Amino acid sequence: MAQVSAIPRLRRAASGATAGQVAAALAIAAFLILFLAWPVAQVMIAAFQPKGGGGFTLVNFADFFATELFVRSFWNSLYVSGMAVLVATLISLPLAYITSRFEFRGTMLIQTLGVVPLIMPPFVGAVAMGLLFGRNGTVNLLLEDYFGITIPFMEGLNGVVFVQAIHYFPFILINLSTALANIDRSMEEAAQSLGCSGFRLFRRIVFPLAMPGYVAGAALVFIKVFDDLATPLLLNVKDMLAPQAYLRVTSIGIADPMGYVISVVLIVFSLLSMWASSFALRGRDYATTQRGGGGLDRRRLSGPQAVLAYGVVIFILLLVLAPHIGLTLLSFATVWSFSPLPDAFTLAHYARVFDESAVYMKNTVLYAGLAAGIDILLGIAIAYLVLRTKLVGRQWLDYGAMAALAVPGVVLGIGYLRSYYGITLPGGVPLATLWIVIVLALAVRRLPYALRACMAALQQVSVALEEAGENLGATRLRVIRRIVVPLMTGGILAGFVTSFATAAVELSATIMLVQSNADAPLTYGLYVFMQSPAGRGPGAALGIIAVILVAACTLASHLLIERHRRRSGGLR
Amino acid sequence: MMTRSLCLLLGAHIALSMLGAFSISTIAHAQTGKVTVVTSFSKDVTGPIKTAFEKAYPGANLDVQNRNTNAGVKYLQETKANNQVDLFWASAPDAFEVLKSNKLLQAYKIKATGIPDKVGSYPINDPEGYYFGFAASGYGIMWNTRYMQSKKLPEPKEWEDLLKAEYFDHTAIAAPSRSGTTHLTIETILQGEGWEKGWRTLRLMAGNFRQVTERSFGVPEGVNSGQFGIGIVIDFFGFSSQASGFPVKFVYPTVTTLVPANVAVVANAPNKAGAEAFVEFLLSPAGQEVLLDPGIRRLPVIPAVYDKPAAAGLPNPFKDKTLGARVKFDVDLSEKRTNVVDALYDQTITFQHEALKAATKAVHEAEAKLAKKDNPQGRALVKEARDLIAAMPVTEAEVATDAVAKAFTGGKEPGARQAELEQKWAAFAKERYAQARDKAEQAGKLAR
Numbered sequence: 001m002a003q004v005s006a007i008p009r010l011r012r013a014a015s016g017a018t019a020g021q022v023a024a025a026l027a028i029a030a031f032l033i034l035f036l037a038w039p040v041a042q043v044m045i046a047a048f049q050p051k052g053g054g055g056f057t058l059v060n061f062a063d064f065f066a067t068e069l070f071v072r073s074f075w076n077s078l079y080v081s082g083m084a085v086l087v088a089t090l091i092s093l094p095l096a097y098i099t100s101r102f103e104f105r106g107t108m109l110i111q112t113l114g115v116v117p118l119i120m121p122p123f124v125g126a127v128a129m130g131l132l133f134g135r136n137g138t139v140n141l142l143l144e145d146y147f148g149i150t151i152p153f154m155e156g157l158n159g160v161v162f163v164q165a166i167h168y169f170p171f172i173l174i175n176l177s178t179a180l181a182n183i184d185r186s187m188e189e190a191a192q193s194l195g196c197s198g199f200r201l202f203r204r205i206v207f208p209l210a211m212p213g214y215v216a217g218a219a220l221v222f223i224k225v226f227d228d229l230a231t232p233l234l235l236n237v238k239d240m241l242a243p244q245a246y247l248r249v250t251s252i253g254i255a256d257p258m259g260y261v262i263s264v265v266l267i268v269f270s271l272l273s274m275w276a277s278s279f280a281l282r283g284r285d286y287a288t289t290q291r292g293g294g295g296l297d298r299r300r301l302s303g304p305q306a307v308l309a310y311g312v313v314i315f316i317l318l319l320v321l322a323p324h325i326g327l328t329l330l331s332f333a334t335v336w337s338f339s340p341l342p343d344a345f346t347l348a349h350y351a352r353v354f355d356e357s358a359v360y361m362k363n364t365v366l367y368a369g370l371a372a373g374i375d376i377l378l379g380i381a382i383a384y385l386v387l388r389t390k391l392v393g394r395q396w397l398d399y400g401a402m403a404a405l406a407v408p409g410v411v412l413g414i415g416y417l418r419s420y421y422g423i424t425l426p427g428g429v430p431l432a433t434l435w436i437v438i439v440l441a442l443a444v445r446r447l448p449y450a451l452r453a454c455m456a457a458l459q460q461v462s463v464a465l466e467e468a469g470e471n472l473g474a475t476r477l478r479v480i481r482r483i484v485v486p487l488m489t490g491g492i493l494a495g496f497v498t499s500f501a502t503a504a505v506e507l508s509a510t511i512m513l514v515q516s517n518a519d520a521p522l523t524y525g526l527y528v529f530m531q532s533p534a535g536r537g538p539g540a541a542l543g544i545i546a547v548i549l550v551a552a553c554t555l556a557s558h559l560l561i562e563r564h565r566r567r568s569g570g571l572r
Numbered sequence: 001m002m003t004r005s006l007c008l009l010l011g012a013h014i015a016l017s018m019l020g021a022f023s024i025s026t027i028a029h030a031q032t033g034k035v036t037v038v039t040s041f042s043k044d045v046t047g048p049i050k051t052a053f054e055k056a057y058p059g060a061n062l063d064v065q066n067r068n069t070n071a072g073v074k075y076l077q078e079t080k081a082n083n084q085v086d087l088f089w090a091s092a093p094d095a096f097e098v099l100k101s102n103k104l105l106q107a108y109k110i111k112a113t114g115i116p117d118k119v120g121s122y123p124i125n126d127p128e129g130y131y132f133g134f135a136a137s138g139y140g141i142m143w144n145t146r147y148m149q150s151k152k153l154p155e156p157k158e159w160e161d162l163l164k165a166e167y168f169d170h171t172a173i174a175a176p177s178r179s180g181t182t183h184l185t186i187e188t189i190l191q192g193e194g195w196e197k198g199w200r201t202l203r204l205m206a207g208n209f210r211q212v213t214e215r216s217f218g219v220p221e222g223v224n225s226g227q228f229g230i231g232i233v234i235d236f237f238g239f240s241s242q243a244s245g246f247p248v249k250f251v252y253p254t255v256t257t258l259v260p261a262n263v264a265v266v267a268n269a270p271n272k273a274g275a276e277a278f279v280e281f282l283l284s285p286a287g288q289e290v291l292l293d294p295g296i297r298r299l300p301v302i303p304a305v306y307d308k309p310a311a312a313g314l315p316n317p318f319k320d321k322t323l324g325a326r327v328k329f330d331v332d333l334s335e336k337r338t339n340v341v342d343a344l345y346d347q348t349i350t351f352q353h354e355a356l357k358a359a360t361k362a363v364h365e366a367e368a369k370l371a372k373k374d375n376p377q378g379r380a381l382v383k384e385a386r387d388l389i390a391a392m393p394v395t396e397a398e399v400a401t402d403a404v405a406k407a408f409t410g411g412k413e414p415g416a417r418q419a420e421l422e423q424k425w426a427a428f429a430k431e432r433y434a435q436a437r438d439k440a441e442q443a444g445k446l447a448r
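Protein sequences, first through last, are from chains Z and A.
Here our numbering is used: the first residue of the first sequence is 1, the next is one more, and so on.
Here our numbering is used: the first residue of the second sequence is 1, the next is one more, and so on.
Quick caveat, the hints were computed from the structure, so don't treat them as lab data.
Here the structure is a predicted model, which means the values were calculated and not measured.
The C-beta atom is built at its ideal place from N, Cα and C for all residues, glycine as well.
Be aware that one or more of the hints could be misleading.
Just some of the chain Z residues that point at chain A, by a computed CB distance under 10 Å [as the list claims (entries may be wrong)]: (1) G106; (2) D239; (3) L391; (4) G428.
Here are the simulated SDA-like pairs of lysine to any residue, each with C-alpha atoms no more than 20 Å apart in a straight line [unchecked claim]: (5) A/K74 x Z/G156; (6) A/K50 x Z/E356; (7) A/K357 x Z/G156; (8) A/K151 x Z/R418; (9) A/K361 x Z/P152; (10) A/K272 x Z/G428; (11) A/K74 x Z/E356.
Stretch-level coverage of chain A by chain Z, calculated; a stretch enters the list once three of its residues show a Cβ under 8 Å from a Cβ in chain Z [said to hold, decoys possible]: (12) 41-47; (13) 75-85.
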């Protein structure tokens, strides 16, 4: 491609790492060690100790492979992750294609609504899914009444695939849309002038150019599904790895090492798949020099095309937003039991949560916002260090940060308590009780999302642009600030949004760390409600508040970026 | 822009927490009267009690931290070096036993009067004075009436009913390793019927299960929303679901145990006086009356409270002597083998559920065919299949030995590892279930 000639020159320029780069790398490494590696090691060390304590052994790993349940769980997890990527791709490809290829009204709406499935509040989301798609949910009750059949949407491994794909496809949608928007239009025009068009154009030119975004999203979906325990547990599938680790770690009195052994296996396998996904992009250059052109040429839809496009989009949105539609019904329902729709509707649940939700909302926005902010800062820095410098061991910053994906939240929570509860501030208050610790836990857990987005964004930025800046006398830092970061804006936003949205509904680490109601985020309030029959409605109401809050923040950040982009004059 | 201000904020906080700029104090000084309680109870329970307590003790402020029982115990264990919690408040007596043996509880002599020694056959308070029962609960069966009507199922009364073919795939339970309350249900059945017969009942019942959930509350939630028809639950889930308007009913089987839900003062409590005040309030008639609230519906431990009009509909265990009196529950025995019983249940039932269900289904089908056309050889095969389903990899005496028990203590002593034993038990059960299925299918063919 056009910039091939530029690469050797950059290589020369970057061969000696500057002091600033080394300092940044060390700071990031310190952060990862302090808030990820050290606390996790405090807990995980049990995996390598023989029974009786002390010493080092691998016998626990032998037990892992000798246990039929764990081996079965491993293959099940692998199958589910692979299938979930496939189904998520089928959901997100049409949405990304239609919105970036055609003049399509409501693109912004789709991009916002596309994030909403990620915001699945714990517990209530599960109940709402069950009420719609469960064995005796709305769909199956109606099917049975009218046709005498039922469809097992939420049964077994395929049920997990279905729910996971609906839940996590936004990772692919967001990263793919961003990548499509960054493609150099001249590539497409060149292909067209050579006679390529239609689906072939998309398959041979457009999609390959968007590969970094797709691979980033697909890798996230794969690893996230591999490491996710909430969905399998909600569908009552226990023979998968992550649920096994969770069940082991949280069952009381069982201080046995297998839970930690499984966690180690999860982490190792997640890193392996990260490493494998980098092969998909190896040896190719995805950077383009022309930016701000708004991506692909958009064309008008003809009549029948428009009908088809809108039909597809509406169908997919209805499918993926079904849990939230169910949640909305649940939050207004009096009693909803073994019937297609609730018996009656009421506003009482909202009235009940109204008083306390203000403090929960404030905390949620504060924690998730700070965490996502930390994540994109670290994400940009790591992406830059990995892709643009020659620092020794820079890949390990990437791998280290991604390992967070595979650490069960409860392990991180216990690790924090173990590492930081003993450190007291003047006045006798333990360090671990400060709310900032929750923010750090959230930041560590959601860093991988922001990092993948930033990586993909930087891969699409041409080095030539940076060199131009440097040739004109700008310092390295100034180039990063004035050229690299602005060109990465789309990817950074995608990273911020995914980190923010998912941090806002995190519970498993939070619940170990919340010290009082005044410091609690929405999910904790939700958990408190969802332990009793009368709490179901208020819990759902709180869930809806969380969804709206996060969606509003997402929309606001889209608008902010859009305005910023327009002001800087890049848009046609 | 946003990022920059975030960056500044972040910088400030990292400086604060890491470099030790402690002069800017974010510490809220414990105000007098702040009582911190870690509890597994939902807001429906804690809310009304908090309001009543703060009214009775002006100036008091009950700070409620919600954690499930296991997480709560873990939390106290992890933070004991610098404890900030005054009270632990939860259902399962086992959890309190664990805390007591870890020396994490403070003994206290209660002043409240009018509380009998026992409810059913279970002592209400810890004899050594480390924790106190404030409400009684029993285990039973709850069901969704709409579901039962639609599927034309009769209402179950006893545990044995749940073994019948008609209830196949309709019932749910929480895994005993995940739910202190289910664990006690299982232990009650084992102690009431004996080890071999008890496990037989549990296995055959589990073959009919729709689900073994991983949360106690998953069961009433599923019954309330109609995802399954029948759930094995602790009574207040049934009563409070009813009180919240769900179309459900609840019954105590004859073999049940009433067990107290408890409260305890944590060792080294920052506000010991406040903690003791809360215990006294909870055990006073005023505190006991709050238990009758529609969202709570737990059985008070003061007999006189049952005379209040709000108690209508609640069974009175102090009058109704049949309730929970059948089984002499042995707390020590239960505590000693807790982990082994849970692991046996998980390895042979929870994680082998598919195979167990397939075998059970084959048995039901064979029996249905034999009922139409009898065949003695077929009957014998079905009996063999049932015996295979019920077969146990370990005897009660083996479970009581140190060799088995110590595999589950998780640390200090060398010896058999938990994972080794578990794999052995799981493989044993899996093989038997497959054989049982074969036998039952053969029996079905004979009846044709």
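* Are at least 3 residues of the segment 41-47 of chain A within less than 8 Å of chain Z when you compare beta carbons? -> holds (count 5)
* Asked: Given the hint that A/K357 pairs with Z/G156, does the C-alpha gap stay at or below 20 Å?
  -> The given pair, whose Cα atoms are some 14 Å apart, holds under the 20 Å limit.
* Answer holds if the nearest beta-carbon of chain A is closer than 10 Å to that of Z/G106; otherwise answer violated. => With a closest approach of 26 Å, the Z/G106 hint is violated.
* Asked: Can the hint on Z/D239 be confirmed by a CB-to-CB distance to chain A that is less than 10 Å?
  -> Constraint on Z/D239 satisfied, holds at 6 Å.
* Given the hinted pair A/K151 and Z/R418, is their alpha-carbon gap at most 20 Å? -> Violated, at about 51 Å.
* To do: For the pair we were handed, A/K50 and Z/E356, check the Cα-Cα distance against 20 Å.
  => This hinted pair holds, its Cα atoms lying about 15 Å apart.
* Do the alpha carbons of A/K74 and Z/E356 lie within 20 Å of each other, as the hint requires? -> violated, 28 Å
* Does Z/G156 lie within 20 Å of A/K74 when you go C-alpha to C-alpha? -> violated, 31 Å
* Whether chain Z covers the segment 75-85 of chain A (at least 3 residues having a Cβ closer than 8 Å to its Cβ atoms) -> It holds, with 6 qualifying residues against the three required.
* **When the least beta-carbon distance from Z/L391 to chain A is tested against 10 Å, hint result** => Since the shortest Cβ distance to chain A is 22 Å, the answer is violated.
* Does the structure keep A/K272 and Z/G428 at a Cα separation of 20 Å or less? -> Within the cut-off at roughly 17 Å; holds.
* To do: Tell me if Z/G428 is really an interface residue toward chain A, meaning its C-beta lies closer than 10 Å to one of theirs.
  => holds, 7 Å
Checked against the numbered hints given earlier, the structure breaks hints 1, 3, 5, 8 and 11 and satisfies all the rest.
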